[in-house]
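These protein sequence lines are chains A and B, in that order. When we follow my numbering, the leftmost residue of the first sequence carries the number 1, and every step to the right adds one. When we follow my numbering, the leftmost residue of the second sequence carries the number 1, and every step to the right adds one.
Since no wrong hints were added, every one of them can be taken at face value.
With a Cα cut of at most 20 Å, we get these calculated EDC-like pairs of lysine to aspartate or glutamate: (1) Lys122/A / Glu72/B; (2) Lys152/A / Glu79/A; (3) Lys84/B / Glu146/A; (4) Lys70/B / Glu80/B; (5) Lys122/A / Asp71/B; (6) Lys84/B / Glu145/B; (7) Lys142/B / Glu88/A; (8) Lys122/A / Glu88/A; (9) Lys25/A / Glu79/A; (10) Lys29/B / Asp87/A; (11) Lys29/B / Asp71/B; (12) Lys142/B / Asp71/B; (13) Lys25/A / Glu146/A; (14) Lys29/B / Asp77/B; (15) Lys29/B / Glu88/A; (16) Lys84/B / Glu72/B; (17) Lys29/B / Glu145/B.
Since the hints were made in silico from the structure, they are not lab data.
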Amino acid sequence: MKTREDTARNRLNKLEVPIDAYRGKGLVTARQVGNLLFLSGYGADTYRQGRIGENLTIDDGYEACRYIAMRHIAALIDELGDLSRVDELLRAFGFINIAEGFTELDRVFDGYSDLMATVFGKRGVCPRTIMGTHSLPVGNTAAEIELILSIKP
Amino acid sequence: MDIEKVYAISDIPPVDRRGRGVLACRRYKNLLFLSGHCSQTLGKASTQLDTQTIYEAAREVAFSMLATLKDEIGNMDRIEYFVKALGIINSGGEYSDMPAAVNGFSDTLTAYFGSRGQHARAAMGAPGLPGNAAVLADMIVKLRE
Numbered sequence: 001m002k003t004r005e006d007t008a009r010n011r012l013n014k015l016e017v018p019i020d021a022y023r024g025k026g027l028v029t030a031r032q033v034g035n036l037l038f039l040s041g042y043g044a045d046t047y048r049q050g051r052i053g054e055n056l057t058i059d060d061g062y063e064a065c066r067y068i069a070m071r072h073i074a075a076l077i078d079e080l081g082d083l084s085r086v087d088e089l090l091r092a093f094g095f096i097n098i099a100e101g102f103t104e105l106d107r108v109f110d111g112y113s114d115l116m117a118t119v120f121g122k123r124g125v126c127p128r129t130i131m132g133t134h135s136l137p138v139g140n141t142a143a144e145i146e147l148i149l150s151i152k153p
Numbered sequence: 001m002d003i004e005k006v007y008a009i010s011d012i013p014p015v016d017r018r019g020r021g022v023l024a025c026r027r028y029k030n031l032l033f034l035s036g037h038c039s040q041t042l043g044k045a046s047t048q049l050d051t052q053t054i055y056e057a058a059r060e061v062a063f064s065m066l067a068t069l070k071d072e073i074g075n076m077d078r079i080e081y082f083v084k085a086l087g088i089i090n091s092g093g094e095y096s097d098m099p100a101a102v103n104g105f106s107d108t109l110t111a112y113f114g115s116r117g118q119h120a121r122a123a124m125g126a127p128g129l130p131g132n133a134a135v136l137a138d139m140i141v142k143l144r145e
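Bound-form chain A, shown alone (with noise of 0.2 Å):
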């Protein structure tokens, strides 16, 4: 007997969408359109994982938004190939995963800050935007940052 899953199923095979072939697919390193790279958002993966002001300190905090920093400039390497071709930073977008009643978000996002800068000089520091979470993927990570930025044509 054919359930609805299957029906479902046979009406996608008959549009011939390649769906499968992209399962999990939709998620690229970064995207670019004329001079401006937008990369995904990247966490601290098993890095830090867990809450700033639960079982996380503000430096733990910090040092999981300095290890996305470096996370992003290896992108930046393996897209550009070479690093001299970044411009400007020019937005970045922060999730930082924190206790209920845990305020100082722009102490642990600094760990991303302060490393573009030191990196990237002038052209490094930029503007950005700070949110607090309670949840975020990989075994619940410390932060996840995305970035718009600009490079050299």
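Got chain A sorted already, so can you dock chain B onto it with the hints?
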């Protein structure tokens, strides 16, 4: 658009971010990316603040952002239109009235810029914001050629 009028009805001082490793805004061609601006009003929706209070807090954010824009571009007529805003409300529990609260931000822009002040927008809640601000919003602005 007369920014002095904005100042006249607002006692919100511009936020000085210099020396903090953060930029208030950065320009790429005709796009201006603005940092998240926080309200001076502190606290959390639902448990501490009602929607009207947060609406007013969102107005503060708009004024703070306009002050940043004024500092950056001088003449506000250089703004062609506002492109995209993200408004985040410090909230918990069952609170879900974020769009009504973020309207305080959007209404302020349309009050001064008319249709040029309209923008694509996302409104969301977060369980924590920097310094326990009630509202945070950022923006992408399009400047004239």
